[in-house]
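With chain A's structure known, arrange chain B on it following the hints.
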Amino acid sequence: MENIRNFCIIAHIDHGKSTLADRLLEFTNTVSKRDSKAQVLDDMDLERERGITIKSHAIQMDYIYEGKKYILNLIDTPGHVDFSYEVSRSIAACEGALLIVDAAQGIEAQTISNLYLALGQDLEIIPVLNKIDLPGAMPEEVKDQVVDLLGCDREGIIHASGKEGIGIEDILAAIITRIPAPKGDPAAPLQALIFDSAFNSFRGIEVMFRIFNGTLKKGERVKFANTSKEYFADEIGVLRLEKEPRLQMEAGNVGYIISGIKEAKEVKVGDTITHKDRPGEAIQGFAEVKPMVFAGIYPVETSEFEELRASMEKLQLNDAALVWEPETSAALGFGFRCGFLGMLHMEIVQERLEREFNMTVITTVPSVQFRAYTTKGEMILINAPSDMPDPSSLDYIEEPFIKAQIITKSDYVGPIISLCMDKRGLIKNQIYLTSDRVELTFDLPLAEIVFDFFDKLKTISRGYASLDYELIGFQTSNVVKLDIMLNGEKVDALSAIVHREKAYDWGKRLCEKLRELLPRQMFEIAIQASIGAKIISRETVKALRKNVLAKCYGGDISRKRKLLEKQKKGKKRMRSVGNVEIPQEAFMAVLKLDQ
Amino acid sequence: MFQSTLNKKQFNILHLAGIYIHIPYCRKACHYCDFHFSTHFDTKERMVDALIREIILRKDFFSSPIDTIYLGGGTPSVLSSEELSLIFKSIHQHYALSTTLEITLEANPDDINDDNLSLWRSLGINRLSIGCQTFDDAILIQLNRIHRANDSITAYHMARAKGFDNISIDLMFGLPTQTEQQWIADLELAMSLQPEHISAYGLTIEERTVFGNLHKSGRLTVPGEELQARYYEQMMTMLADKGYIQYEISNFCLPGYKSKHNSSYWNQEKYLGIGPSAHSFDGSNRMWNDANNMTYIKKIESGQVPYTLETLSLKDRANEYIMTALRTKEGITLQKLTEELHYPEEKLRGILPWLVQNGWIEQSSDQISLTSSGKLLADEITLKIFLN
Chain A
1 MENIRNFCII AHIDHGKSTL ADRLLEFTNT VSKRDSKAQV LDDMDLERER
51 GITIKSHAIQ MDYIYEGKKY ILNLIDTPGH VDFSYEVSRS IAACEGALLI
101 VDAAQGIEAQ TISNLYLALG QDLEIIPVLN KIDLPGAMPE EVKDQVVDLL
151 GCDREGIIHA SGKEGIGIED ILAAIITRIP APKGDPAAPL QALIFDSAFN
201 SFRGIEVMFR IFNGTLKKGE RVKFANTSKE YFADEIGVLR LEKEPRLQME
251 AGNVGYIISG IKEAKEVKVG DTITHKDRPG EAIQGFAEVK PMVFAGIYPV
301 ETSEFEELRA SMEKLQLNDA ALVWEPETSA ALGFGFRCGF LGMLHMEIVQ
351 ERLEREFNMT VITTVPSVQF RAYTTKGEMI LINAPSDMPD PSSLDYIEEP
401 FIKAQIITKS DYVGPIISLC MDKRGLIKNQ IYLTSDRVEL TFDLPLAEIV
451 FDFFDKLKTI SRGYASLDYE LIGFQTSNVV KLDIMLNGEK VDALSAIVHR
501 EKAYDWGKRL CEKLRELLPR QMFEIAIQAS IGAKIISRET VKALRKNVLA
551 KCYGGDISRK RKLLEKQKKG KKRMRSVGNV EIPQEAFMAV LKLDQ
Chain B
1 MFQSTLNKKQ FNILHLAGIY IHIPYCRKAC HYCDFHFSTH FDTKERMVDA
51 LIREIILRKD FFSSPIDTIY LGGGTPSVLS SEELSLIFKS IHQHYALSTT
101 LEITLEANPD DINDDNLSLW RSLGINRLSI GCQTFDDAIL IQLNRIHRAN
151 DSITAYHMAR AKGFDNISID LMFGLPTQTE QQWIADLELA MSLQPEHISA
201 YGLTIEERTV FGNLHKSGRL TVPGEELQAR YYEQMMTMLA DKGYIQYEIS
251 NFCLPGYKSK HNSSYWNQEK YLGIGPSAHS FDGSNRMWND ANNMTYIKKI
301 ESGQVPYTLE TLSLKDRANE YIMTALRTKE GITLQKLTEE LHYPEEKLRG
351 ILPWLVQNGW IEQSSDQISL TSSGKLLADE ITLKIFLN
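As they're listed, the protein sequences go chains A and B. Sequential numbering of the first sequence, starting at 1, is according to the numbering used here. Sequential numbering of the second sequence, starting at 1, is according to the numbering used here.
This is chain A alone, in the form it adopts within the complex (with noise of 0.2 Å):
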């Protein structure tokens, strides 16, 4: 055991980790150079291409330092507010962490808050600047500013550069002689802490895990605490960049099990495995991860609603975080509410779809989760405007805030706080952790920064802005339920909860967006945006006056038929509410206001 060292790394989207990873993989010999494609780690295509972390990893590394070999356990961690709470297991999985800082941007405020959680862990933390050979790195500066953050050492901040391979081994070095071995008894009753999970298509879901107190061994049978579900270990291994299979792992490693489960919602981020017959008690710390965002998901041919039903089943084998129930529509007909961690789950969620199951699907209106309090003193939780209740029987409604922190350069804290002010928000504490690095804290509802927040956040400070938030409760708001109809039809998938100060702009600005998206139709269409029976916006457009093609094309009868066939399915993807038919796009017009 006093040869293994479980770490984590902590660090901004675009701050280097997977390159830097990448190269820990190349001098410990994991990988050979050769084989190494950029990004080891990141399985996912998407995440490649989005540079990001999306689900967590673990490999495992051996090193020999002063003729002593080690195994190193690296426990990757998404990089994304909406995934904290799978941050916060990872973390809990080790001992240390590395701090990667971009030597030219300087810390972040996710970087600030994982590294708080870390720090509440207890592990020892490594800060590395990172891209220290770029032109513009700025080392002494942010060095001052690791220091005042974690109080370190001067001296114990590593030089590197992922890119160039700087510093590598003084990392190397750094975790073998920094990080503590873990502790634990084998001997004692299992405990092994569950950090993330993966579905193979031939196997079923692969848990990894690392273990605190016990053995566990091949074939034994084991229990889940938090689900009280038992499984046989059917293999149990070590993570190299394939799967080592082991009889046996005690306390202090990290490495998977496989046992036969089908579906990754039975695995719980945080749970704990220990043995049927000798149980140990279940670590602390475990939560369900619940979802902030709700929007529906609906087939965009309306044909494929079990194909996307059985799509969704599999996506959930290995996103624990996505919920759905079916729900109806109206318009769209029948689909799914969902519930993500965050919008970019949510973008997520929309293009694995896409992606590895070929699915096209309309996205709804994101929303949070309102509560509504009826005058019989009723609490109800609406997910989805068609959930309000009426407004006779309304009392009153409160919307979820979060807890905003916002680091920025201070060239930017005046633009940053209209932008807040424009969203509901409260200022509530302003600090300058440099001369022009500022953390802004404000209390926002979480309805506000659905939509384009982060967007607008990035324009206005030119990319020098982080965001990091947390929910921290409900409070009373005058939230309105804001209708679409389409010649005098109500079309439901349109339908938002919006401040009530707002609903005339956003009525407005819908309708106007949807001027421009409906195709015109053999009749006239008027777009209307309602808050209850007050129409508050009207649109029009007119009616198509000419459609017809002049020629049959001689006796080519067959082109015309395709022409016209192809515009058919074109139109198949449409929906219709009454006569009208709505391109997919205009359900998605709500997300594009500002464009």
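Mixed in with the good hints there might be a few duds.
Below are the DSS-like pairs computed for lysine-lysine, each with C-alpha atoms no more than 25 Å apart in a straight line [claimed, not checked]: (1) 229(A) <-> 268(A); (2) 347(B) <-> 560(A); (3) 216(B) <-> 566(A); (4) 315(B) <-> 572(A); (5) 347(B) <-> 568(A); (6) 315(B) <-> 566(A); (7) 336(B) <-> 568(A); (8) 347(B) <-> 562(A); (9) 258(B) <-> 242(B); (10) 560(A) <-> 329(B); (11) 262(A) <-> 276(A).
Think of the hints as simulated: they come from the structure by calculation, not from any bench.
Positioned in the frame of chain A, the structure of chain B alone reads:
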């Protein structure tokens, strides 16, 4: 005797057979046209040989006599007397011909002269389709047409004088710079000539044409949708006033003068297309020849017909029927659609009442057909009825 007349009559209604011959040459390329043609005449002689060989190669296409022959293009009137004679000779030699044969030749006004007219008469051509397009010289120049308005008028009178008693005039509307007054003037002039038939096509901007390019780069403006619609409505009213029957979206005739050949395209009749890019239909398959003069010639010279074949599914046939029949005056026979082509009745029940209520479609017992306002939206309505 009575018996055989009756048979022949049914035969005519139900089983027309037509040959189309594509002459892929033009003296000049019109800026809007994306049909298959070449302005290089060096392969013409070999092409005529190839056409004749194809006529022979496909002589077993029909099991019944031919009712119509149609020479189209390109510009069939560019053929010399020898070339035309050879083509006709081979048809006569290898095909059984009906006694009421309709033979149409598409002719450009500039090719219409005394000699040609005599030749065409002598070959049995009894219907001329004259490509006038417009009687406005400035627009003709824009279209890159070789002829002028006066050529059209002279040509028309010459053809009449030569005894052609079934003449069709081609017109186009929605042309660049064309005003409403110009269009009305075109229609009036055309009607004053009293042709038996008028085909009038709204200009369609096709991608791979000069107009297509100009339009894409914003250097060509054509009358907008609203104007096009008005031009079309003008035409329907004016021609109807003069007794022309609109028997198809773009085709008008005096009573008894429908184009039998073109009708066969819309009535799912069999037709054989000879020449590069020509289309054939044998009742269940559609075939189209290679649209390249040289590959076509070489293939034919090696004894093969270079066509692509598509077998129509029941759904394809239903959609083609909807698409073509809806464009005709008679419209769609519902019984044929549901019984013969297995179109689901409940789908009809779902759409028809709405189309009728909105005044786009008229229904009389078993037929549905487009109203005037429906004609303007024919493609939209077709799409509504189309099967997925």
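Structure-based check of all given hints:
Note on residue 229(A) and residue 268(A): the hinted pairing holds, with a Cα-Cα distance of about 11 Å set against a maximum of 25 Å. Annotation: proposed proximity of residue 347(B) to residue 560(A) holds, straight-line Cα distance about 22 Å (limit 25 Å). Of the supplied pair hints, the one linking residue 216(B) and residue 566(A) holds, its CA atoms being roughly 22 Å apart against a limit of 25 Å. A distance of roughly 16 Å separates the Cα atoms of residue 315(B) and residue 572(A); the hinted pair therefore holds under the 25 Å criterion.
For a cut-off of 25 Å, the pair hint linking residue 347(B) to residue 568(A) stands: about 15 Å separates their Cα positions. Only pairs whose Cα atoms come within 25 Å are accepted, and residue 315(B) paired with residue 566(A) is accepted, the gap being roughly 14 Å. At roughly 22 Å between alpha-carbon atoms, residue 336(B) and residue 568(A) fall within 25 Å of each other, so this suggested pair holds. For the hint pairing residue 347(B) with residue 562(A), the CA-to-CA distance comes to about 21 Å; that is within 25 Å, so the pair holds.
This hinted pair checks out: residue 258(B) and residue 242(B) have alpha carbons roughly 16 Å apart, not beyond 25 Å. Proximity of residue 560(A) to residue 329(B) is assessed by CA-CA distance (about 19 Å); at most 25 Å being required, the pair is judged to hold. Only pairs whose Cα atoms come within 25 Å are accepted, and residue 262(A) paired with residue 276(A) is accepted, the gap being roughly 20 Å.
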